[in-house]
Amino acid sequence: AQKVTQAQTEISVVEKEDVTLDCVYETRDTTYYLFWYKQPPSGELVFLIRRNSFDEQNEISGRYSWNFQKSTSSFNFTITASQVVDSAVYFCALSEYQAGTALIFGKGTTLSVSS
Amino acid sequence: DAGVTQSPTHLIKTRGQHVTLRCSPISGHKSVSWYQQVLGQGPQFIFQYYEKEERGRGNFPDRFSARQFPNYSSELNVNALLLGDSALYLCASSLPISTDTQYFGPGTRLTVL
Numbered sequence: 001a002q003k004v005t006q007a008q009t010e011i012s013v014v015e016k017e018d019v020t021l022d023c024v025y026e027t028r029d030t031t032y033y034l035f036w037y038k039q040p041p042s043g044e045l046v047f048l049i050r051r052n053s054f055d056e057q058n059e060i061s062g063r064y065s066w067n068f069q070k071s072t073s074s075f076n077f078t079i080t081a082s083q084v085v086d087s088a089v090y091f092c093a094l095s096e097y098q099a100g101t102a103l104i105f106g107k108g109t110t111l112s113v114s115s
Numbered sequence: 001d002a003g004v005t006q007s008p009t010h011l012i013k014t015r016g017q018h019v020t021l022r023c024s025p026i027s028g029h030k031s032v033s034w035y036q037q038v039l040g041q042g043p044q045f046i047f048q049y050y051e052k053e054e055r056g057r058g059n060f061p062d063r064f065s066a067r068q069f070p071n072y073s074s075e076l077n078v079n080a081l082l083l084g085d086s087a088l089y090l091c092a093s094s095l096p097i098s099t100d101t102q103y104f105g106p107g108t109r110l111t112v113l
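Protein sequence lines correspond, in order, to chains U and S. The working numbering puts the first residue of the first sequence at 1, with every later residue one more than the last. The working numbering puts the first residue of the second sequence at 1, with every later residue one more than the last.
Just so you know, these hints were derived from the structure itself, not from any lab. Being a predicted model, the structure only gives us computed values, none of them experimental. Even for Gly, the Cβ is constructed at its ideal location relative to N, Cα and C. Be careful, since some hints might not be right.
[Unchecked claim] One side of the interface only, derived from the structure: several residues of chain U facing chain S at Cβ under 10 Å:
{"hint": "1", "residue": "ILE11"}
{"hint": "2", "residue": "THR30"}
{"hint": "3", "residue": "TRP66"}
{"hint": "4", "residue": "PHE68"}
{"hint": "5", "residue": "CYS92"}
{"hint": "6", "residue": "ILE104"}
{"hint": "7", "residue": "SER112"}
Just chain S, same shape as in the assembly:
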């Protein structure tokens, strides 16, 4: 079975631009979470979505938004990019039960110049 997939793999943007990152969960998983991992740090929780509804949000500004589609895939959008948004963005999927294990994709490496 295919794991979590993310696209694109790498992305280079300039300050002020907008970016959209995409994630497809493991087949049968209905919950998707997004994390930001800055170099040298552990991942930080951004959002969790289940059945197209936001179930949780981390301490990130409103420039960050996300949505989930009927096929359970998800998009993470970041507006007005800042240099500090440069990071590895990880998507994780899990079954809908709140205690389920999250399985991560390979990530999207975003560089903001």
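So that you can see chain U by itself, here it is in the shape it has in the complex:
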């Protein structure tokens, strides 16, 4: 069965610290997609990144970077030099090719960045 685990419920850091959000997934499908979404207090889920199961290249976008490791079924997200505006709930999600586009979300990690 498919499952996404975000073991960190809450993380608090001070501005300019680096922070890594962990995501571990379970799937039996060989073709799948992994996502990260950000949910600020306003409630809207903001898309950050999508990765398919055949592309293990790490990705960097500004202060954001993602580390995808199939060997450990992990898709971790690092924010470098965190800022107060990064404060939000971050969700990791999985969709399996066989199951269509239904997203399976983790429970989320609440990140608080203080100045």
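Assemble chain S onto chain U, guided by the hints.
Same frame as chain U, but now just chain S:
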């Protein structure tokens, strides 16, 4: 370009009532999905519609139904509301390819008293 829009923003109902939530997808997107997010949890998949047909359904009771219109907008209906239906209801749109990224609207906050 406008993103996904949802209406209403907030809604208060009492147990046993019926509710209709509305969603307009991003222009050019033909697939709409609905998710329920209870406080403190991740969103849970309810339905996906493409070209007015249901393409997927999550583990929700028959009190939940949806439909998609020719202009690709969608409605989510919930009958016989229960206290446990109180949640943020999120709509997402995507291109019709099954692997496409879903883009979410701001949600409708439903409170059942």
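Cross-check of the supplied hints:
Of the supplied interface hints, the one on U/ILE11 is violated, with its beta-carbon coming no nearer than about 16 Å to a beta-carbon of chain S, more than 10 Å. Annotation: interface hint on U/THR30 violated; nearest CB of chain S at approximately 14 Å, more than 10 Å. Checking U/TRP66 against chain S by beta carbon gives a least distance of about 15 Å; that is not within 10 Å, so the hint is violated. Checking U/PHE68 against chain S by beta carbon gives a least distance of about 16 Å; that is not within 10 Å, so the hint is violated.
Checking U/CYS92 against chain S: minimum C-beta separation of about 9 Å stays under 10 Å; hint holds. The closest approach between the C-beta of U/ILE104 and any C-beta of chain S is roughly 7 Å, which is under the 10 Å cut-off, so the hint is satisfied. The closest approach between the C-beta of U/SER112 and any C-beta of chain S is roughly 15 Å, which is over the 10 Å cut-off, so the hint fails.
Violated hints, listed in ascending order, are 1, 2, 3, 4 and 7; each of the other numbered hints is respected by the structure.
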